[in-house]
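Number of protein chains: 2
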Amino acid sequence: MRVSLPQLPILEWVRTYNHSTFSSDLLAALIVTLMLIPQSLAYAMLAGLPPEVGLYASIAPLVLYMFLGTSRVLAVGPVAVVSLMTAAAIGEHAAVGTHAYWQVAITLAFLSGAMLLVMGFLRLGFLANFLSHSVVSAFITASALLITANQFKTILGIRAEGDNFFVLTKNLLVQASGSHTLTVALGMTTVGFLFLTRKYLKSSLIKLGLPSAIADIIGKACPVIAIGITTGLTWGLNWEAAGVKVVGFVPQNLPPLTTPLWDLELWSALLVPALLISVVGFVESVSVGQTLAARKRQRIEPNQELVALGACNLSASFTGGFPVTGGFARSVVNADSGARTPAAGFMTAIGIALTSLLLTPVLFYLPHATLAATIVVAVLSLVDLQMFRHTWHFARSDFYAAAATLIGTLTMGVETGLIIGVSLSIALHLYRTSQPHIAEVGLVPGTEHFRNVTRHKVITSDTVLCLRIDESLYFANTRNIEDRLNAEVAVHPALQHVVLQCSAVNDVDASALESLETIEKRLKDAGIALHLSEVKGPVMDRLAKSDFLKNLSGQVFLTNYRALQHLDPATVARATVL
Amino acid sequence: MRVSLPQLPILEWVRTYNHSTFSSDLLAALIVTLMLIPQSLAYAMLAGLPPEVGLYASIAPLVLYMFLGTSRVLAVGPVAVVSLMTAAAIGEHAAVGTHAYWQVAITLAFLSGAMLLVMGFLRLGFLANFLSHSVVSAFITASALLITANQFKTILGIRAEGDNFFVLTKNLLVQASGSHTLTVALGMTTVGFLFLTRKYLKSSLIKLGLPSAIADIIGKACPVIAIGITTGLTWGLNWEAAGVKVVGFVPQNLPPLTTPLWDLELWSALLVPALLISVVGFVESVSVGQTLAARKRQRIEPNQELVALGACNLSASFTGGFPVTGGFARSVVNADSGARTPAAGFMTAIGIALTSLLLTPVLFYLPHATLAATIVVAVLSLVDLQMFRHTWHFARSDFYAAAATLIGTLTMGVETGLIIGVSLSIALHLYRTSQPHIAEVGLVPGTEHFRNVTRHKVITSDTVLCLRIDESLYFANTRNIEDRLNAEVAVHPALQHVVLQCSAVNDVDASALESLETIEKRLKDAGIALHLSEVKGPVMDRLAKSDFLKNLSGQVFLTNYRALQHLDPATVARATVL
Numbered sequence: 001m002r003v004s005l006p007q008l009p010i011l012e013w014v015r016t017y018n019h020s021t022f023s024s025d026l027l028a029a030l031i032v033t034l035m036l037i038p039q040s041l042a043y044a045m046l047a048g049l050p051p052e053v054g055l056y057a058s059i060a061p062l063v064l065y066m067f068l069g070t071s072r073v074l075a076v077g078p079v080a081v082v083s084l085m086t087a088a089a090i091g092e093h094a095a096v097g098t099h100a101y102w103q104v105a106i107t108l109a110f111l112s113g114a115m116l117l118v119m120g121f122l123r124l125g126f127l128a129n130f131l132s133h134s135v136v137s138a139f140i141t142a143s144a145l146l147i148t149a150n151q152f153k154t155i156l157g158i159r160a161e162g163d164n165f166f167v168l169t170k171n172l173l174v175q176a177s178g179s180h181t182l183t184v185a186l187g188m189t190t191v192g193f194l195f196l197t198r199k200y201l202k203s204s205l206i207k208l209g210l211p212s213a214i215a216d217i218i219g220k221a222c223p224v225i226a227i228g229i230t231t232g233l234t235w236g237l238n239w240e241a242a243g244v245k246v247v248g249f250v251p252q253n254l255p256p257l258t259t260p261l262w263d264l265e266l267w268s269a270l271l272v273p274a275l276l277i278s279v280v281g282f283v284e285s286v287s288v289g290q291t292l293a294a295r296k297r298q299r300i301e302p303n304q305e306l307v308a309l310g311a312c313n314l315s316a317s318f319t320g321g322f323p324v325t326g327g328f329a330r331s332v333v334n335a336d337s338g339a340r341t342p343a344a345g346f347m348t349a350i351g352i353a354l355t356s357l358l359l360t361p362v363l364f365y366l367p368h369a370t371l372a373a374t375i376v377v378a379v380l381s382l383v384d385l386q387m388f389r390h391t392w393h394f395a396r397s398d399f400y401a402a403a404a405t406l407i408g409t410l411t412m413g414v415e416t417g418l419i420i421g422v423s424l425s426i427a428l429h430l431y432r433t434s435q436p437h438i439a440e441v442g443l444v445p446g447t448e449h450f451r452n453v454t455r456h457k458v459i460t461s462d463t464v465l466c467l468r469i470d471e472s473l474y475f476a477n478t479r480n481i482e483d484r485l486n487a488e489v490a491v492h493p494a495l496q497h498v499v500l501q502c503s504a505v506n507d508v509d510a511s512a513l514e515s516l517e518t519i520e521k522r523l524k525d526a527g528i529a530l531h532l533s534e535v536k537g538p539v540m541d542r543l544a545k546s547d548f549l550k551n552l553s554g555q556v557f558l559t560n561y562r563a564l565q566h567l568d569p570a571t572v573a574r575a576t577v578l
Numbered sequence: 001m002r003v004s005l006p007q008l009p010i011l012e013w014v015r016t017y018n019h020s021t022f023s024s025d026l027l028a029a030l031i032v033t034l035m036l037i038p039q040s041l042a043y044a045m046l047a048g049l050p051p052e053v054g055l056y057a058s059i060a061p062l063v064l065y066m067f068l069g070t071s072r073v074l075a076v077g078p079v080a081v082v083s084l085m086t087a088a089a090i091g092e093h094a095a096v097g098t099h100a101y102w103q104v105a106i107t108l109a110f111l112s113g114a115m116l117l118v119m120g121f122l123r124l125g126f127l128a129n130f131l132s133h134s135v136v137s138a139f140i141t142a143s144a145l146l147i148t149a150n151q152f153k154t155i156l157g158i159r160a161e162g163d164n165f166f167v168l169t170k171n172l173l174v175q176a177s178g179s180h181t182l183t184v185a186l187g188m189t190t191v192g193f194l195f196l197t198r199k200y201l202k203s204s205l206i207k208l209g210l211p212s213a214i215a216d217i218i219g220k221a222c223p224v225i226a227i228g229i230t231t232g233l234t235w236g237l238n239w240e241a242a243g244v245k246v247v248g249f250v251p252q253n254l255p256p257l258t259t260p261l262w263d264l265e266l267w268s269a270l271l272v273p274a275l276l277i278s279v280v281g282f283v284e285s286v287s288v289g290q291t292l293a294a295r296k297r298q299r300i301e302p303n304q305e306l307v308a309l310g311a312c313n314l315s316a317s318f319t320g321g322f323p324v325t326g327g328f329a330r331s332v333v334n335a336d337s338g339a340r341t342p343a344a345g346f347m348t349a350i351g352i353a354l355t356s357l358l359l360t361p362v363l364f365y366l367p368h369a370t371l372a373a374t375i376v377v378a379v380l381s382l383v384d385l386q387m388f389r390h391t392w393h394f395a396r397s398d399f400y401a402a403a404a405t406l407i408g409t410l411t412m413g414v415e416t417g418l419i420i421g422v423s424l425s426i427a428l429h430l431y432r433t434s435q436p437h438i439a440e441v442g443l444v445p446g447t448e449h450f451r452n453v454t455r456h457k458v459i460t461s462d463t464v465l466c467l468r469i470d471e472s473l474y475f476a477n478t479r480n481i482e483d484r485l486n487a488e489v490a491v492h493p494a495l496q497h498v499v500l501q502c503s504a505v506n507d508v509d510a511s512a513l514e515s516l517e518t519i520e521k522r523l524k525d526a527g528i529a530l531h532l533s534e535v536k537g538p539v540m541d542r543l544a545k546s547d548f549l550k551n552l553s554g555q556v557f558l559t560n561y562r563a564l565q566h567l568d569p570a571t572v573a574r575a576t577v578l
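Protein chains in written order, with our numbering: chain A, 1 to 578; chain B, 1 to 578.
Calculated from the structure, these hints are not laboratory results. Treat the hints with caution; some may be incorrect.
Result set (DSBU-like, lysine-lysine): computed pairs, CA atoms no more than 35 Å apart in a straight line [as the list claims (entries may be wrong)]: (1) 545/B <-> 457/A; (2) 296/A <-> 207/A; (3) 202/B <-> 524/A; (4) 524/A <-> 545/A.
A quick note: this is a predicted structure, and the numbers were derived from the prediction, not measured.
Produce the complete structure using the sequences and hints provided.
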């Protein structure tokens with residue numbers, strides 16, 4: 001197993017850092033900070049944690065990423081899906097609002113960071129490949145729906161029960177009449193304001209003649225504006241006394257130094273959630289990182305990203321934070337705002353640190369409903385129902401895996417849903433490869449090329465049967481191939497030769513070798529010789545290690561054309577004349 | 001999902017049943033009965049059950065198999081590996097020797113039968129394909145070693161502890177000095193007798209001039225002879241009083257009518273063991289069935305075998321038995337002895353029924369050590385260490401999976417060992433397919449054929465890069481393929497066209513489609529056109545359902561040769577001249 005050497009990607013860009021890069025980064029950092037303040041508070045609340053924890057998680061990780069990350073524009077910090085997964089993971093071990101809950105969150109960040117680091121050093125980034133695009137997309141959609149339903153408890157000011165999305169939604173509807181009117185008015189107005197400004201404000205401001213950059217800053221500042229206005233109103237009109245829940249006292253300090261709980265029992269209980277959080281966070285981060293890098297013909301190094309994200313999470317766990325990763329929306333904003341190096345992240349960290357030090361007292365009267373509205377508007381943009389239509393038409397098995405992920409996540413929670421989706425997509429893939437497509441092929445007249453007899457007008461021989469096996473030969477499909485060959489031989493009475501065209505056989509394992517030997521013996525007993533053609537180098541190398549080729553009744557041909565030329569020249573001559 | 005209609009394979013052979021078939025079957029039944037009496041008693045003991053349960057399990061299942069089985073010669077009944085798995089499964093729920101233990105065994109047979117039946121009706125026989133040959137072989141070897149170590153407790157007459165093979169073996173050696181001398185003498189003599197007669201008796205008798213058939217019967221009767229002699233000695237010399245453990249009272253009756261326990265909690269605890277017993281039993285049964293059928297150019301129908309084995313196990317559970325399947329050694333003996341139809345099994349059932357009714361009183365003084373010796377000699381022939389050497393040379397991943405199965409089974413028990421082996425073989429397969437082999441190919445001079453540039457002397461073009469992807473495109477390998485293409489493009493400065501030769505691409509899923517679209521866009525941005533060649537019918541059908549082909553910057557060519565001919569005629573002309 002190859003092991004990565006430690007790298008410091010910062011060295012690649014810091015030498016050419018200049019005044020122009022600095023001012024680009026500073027503008028991007030300003031915009032991202034405006035966006036991150038409400039998001040960090042809101043996602044901490046989503047994770048069941050006090051709001052200041054969101055700020056803590058948005059400082060040290062960004063600094064670490066500057067040194068270790070390979071994406072120039074990835075914006076690390078709390079994100080919606082990982083916060084939801086964090087809440088699900090901690091919920092079983094501590095009660096929301098307790099000090100123990102926070103400690104478990106710190107421990108979760110530690111475990112997730114350690115796992116990412118180990119995966120990075122052992123170059124296990126490929127593990128993320130087993131989350132198919134459709135499963136990830138369905139999982140994010142389901143998470144967004146779950147988050148939305150949960151936030152509506154806060155927006156309506158009611159206590160609806162249910163981990164299951166459908167039960168929770170039903171309870172929300174049943175209990176909606178008991179909503180707290182002022183909270184609903186506040187929350188829904190904020191949702192409306194954020195939704196409309198997100199959709200129309202920037203273009204309207206540009207139409208009014210504002211420069212695009214300034215319109216952009218104003219657009220991105222809307223959640224902060226919403227926070228300012230609703231906090232001001234709640235303070236001025238004493239809405240807290242009227243029953244609107246507010247954030248309350250937030251300590252005014254830099255992140256504290258913390259340590260994870262050294263509790264092996266807790267660790268083993270958190271192993272699976274930490275692994276899922278790590279992998280999901282990594283996939284989200286790498287996807288957005290790769291997309292944004294490709295735009296500028298840059299590359300990111302997935303295994304180094306694992307190391308960087310691992311260090312980010314470890315730093316979060318030692319500074320009172322919770323699991324973080326590269327956020328999709330925030331990174332896109334960072335790139336669009338002109339960030340050119342991860343130094344922009346460092347400046348964002350300074351902005352958040354200043355917020356923690358100076359601005360927390362003004363958050364006392366910030367209504368929970370405002371934060372919930374921020375979350376709802378942010379996550380609803382993650383819902384992608386189109387994908388289900390596409391996969392239904394393109395590849396049914398992707399659709400099934402995505403649907404199982406969606407339903408599993410909505411009804412059984414994030415961990416179970418994700419595990420179901422990944423398992424099903426792997427199982428469906430294995431099922432498909434265990435039922436290989438085997439085509440009888442014939443010569444395309446005037447060429448040396450062979451194609452499926454049922455799809456193309458081709459020339460075939462009575463004495464030579466050419467079969468193309470469209471799959472690697474491995475334990476799951478060897479019995480099927482034996483069956484198919486038995487059946488083919490039974491319907492071709494004049495047969496003297498079988499040629500297996502192996503152009504699509506990429507691998508042969510020990511079970512398949514046994515099967516090939518069985519097939520060869522059965523054919524020989526029936527007076528038929530077995531030949532191979534177009535065997536690839538790696539497969540030939542492997543077969544050469546066994547006695548199979550030595551004992552083969554037929555030959556191995558470089559091309560199927562040469563095989564037919566040798567075994568039945570008359571048919572080849574007929575095809576050439578045609 | 002296709003569902004099997006009920007079938008009655010008996011109809012295929014019963015109409016042509018005649019005197020000659022009858023006498024062949026009768027002789028085979030006689031030999032198999034002689035073999036089955038000691039085995040059924042011994043395997044019941046191995047499963048932790050009273051000896052008569054072994055007889056019960058060898059009556060009704062054989063009758064059912066006659067009606068439903070598709071193998072002409074499969075001998076159903078208790079077998080060593082399944083008996084060991086039965087003991088492991090029940091051990092957690094009841095104490096050996098209690099009535100509850102027997103009831104759990106009956107329930108296990110019921111669940112296993114029901115599962116097999118459902119798998120048969122839903123045509124899920126392919127599930128057995130996921131047990132690779134190497135894993136099955138390693139599992140059987142490990143089971144045989146575990147069984148042998150356990151039987152040595154009985155042969156030495158000591159109580160050594162340990163589920164772990166190595167711990168148990170160590171304890172056996174440590175405590176060997178406390179062995180019961182008479183039991184050891186009896187047991188080891190029996191082992192020696194059985195081993196020598198198994199190996200040399202038949203050939204010696206033939207040399208002495210006996211007809212082969214009679215020599216065979218005498219050879220097969222040796223375990224019965226050993227039972228007769230040791231039982232007689234124990235009775236005559238009053239060895240029971242000297243401390244030799246004997247079978248004791250065995251009820252003299254036909255199998256009782258029994259029902260499984262209707263206890264949902266127990267059922268859910270037995271689900272995994274029952275599934276593993278079903279799959280392992282099915283694999284053992286189908287392997288020997290297929291081998292023996294192929295000898296006579298017959299075929300067995302795996303999904304109908306599931307139905308037949310399911311019915312056999314259900315009948316076992318309603319007649320006081322325990323899980324059964326088609327036994328390897330016994331079926332080979334049945335075939336070699338001339339059995340021509342499953343009626344031989346029916347006659348064997350009559351033989352065992354008569355034994356239950358008439359002969360059980362003589363089993364009182366049968367020593368446990370004799371039965372243990374019978375088991376040891378039977379299972380040691382299942383040990384196959386050669387396989388490890390073969391797979392080490394041929395396919396390292398098969399070796400790893402086999403080694404993990406062996407060590408897992410020996411140290412953590414049959415269920416864990418088997419699950420480890422199957423999971424590892426699937427994981428290794430997925431890992432391999434997630435790292436696809438991608439070869440740059442060039443034209444073999446004088447042909448229309450393309451091969452790997454690093455292995456063959458071929459002609460390549462400066463402006464056209466031909467890459468052959470040696471794997472189906474699916475979620476686990478799409479990111480690798482993107483990476484590889486990015487890297488290839490970076491090292492070919494004059495590039496204008498990339499042709500992906502898809503002769504080994506058997507499938508494209510939704511994740512891979514997204515990746516192809518990403519690749520196409522990136523190449524287009526770099527001024528390079530993407531072409532495909534040799535796309536197979538099923539893959540082409542699927543791509544046609546998306547917008548990919550519509551937006552493709554290049555073309556789809558029937559052959560890679562035509563692609564190069566069209567994109568760079570000069571290079572093709574050069575190759576033809578050579």
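ask   = Is residue 202/B within 35 Å of residue 524/A, Cα to Cα?
value = Holds. Residue 202/B to residue 524/A sits at ~31 Å (cutoff 35 Å).
Item to check | Hinted pair residue 545/B and residue 457/A, Cα distance within 35 Å | outcome: holds (24 Å)
- Task: Starting from residue 296/A, check that the Cα of residue 207/A is at most 35 Å away, please.
- Result: With Cα atoms ~29 Å apart, residue 296/A and residue 207/A stay inside 35 Å; holds.
Next item on the list: For the pair supplied as a hint, residue 524/A and residue 545/A, confirm whether the alpha-carbon distance does not exceed 35 Å.
Entry: Holds: residue 524/A and residue 545/A sit about 22 Å apart, inside 35 Å.
Every hint from the earlier list agrees with this structure, and none is contradicted.
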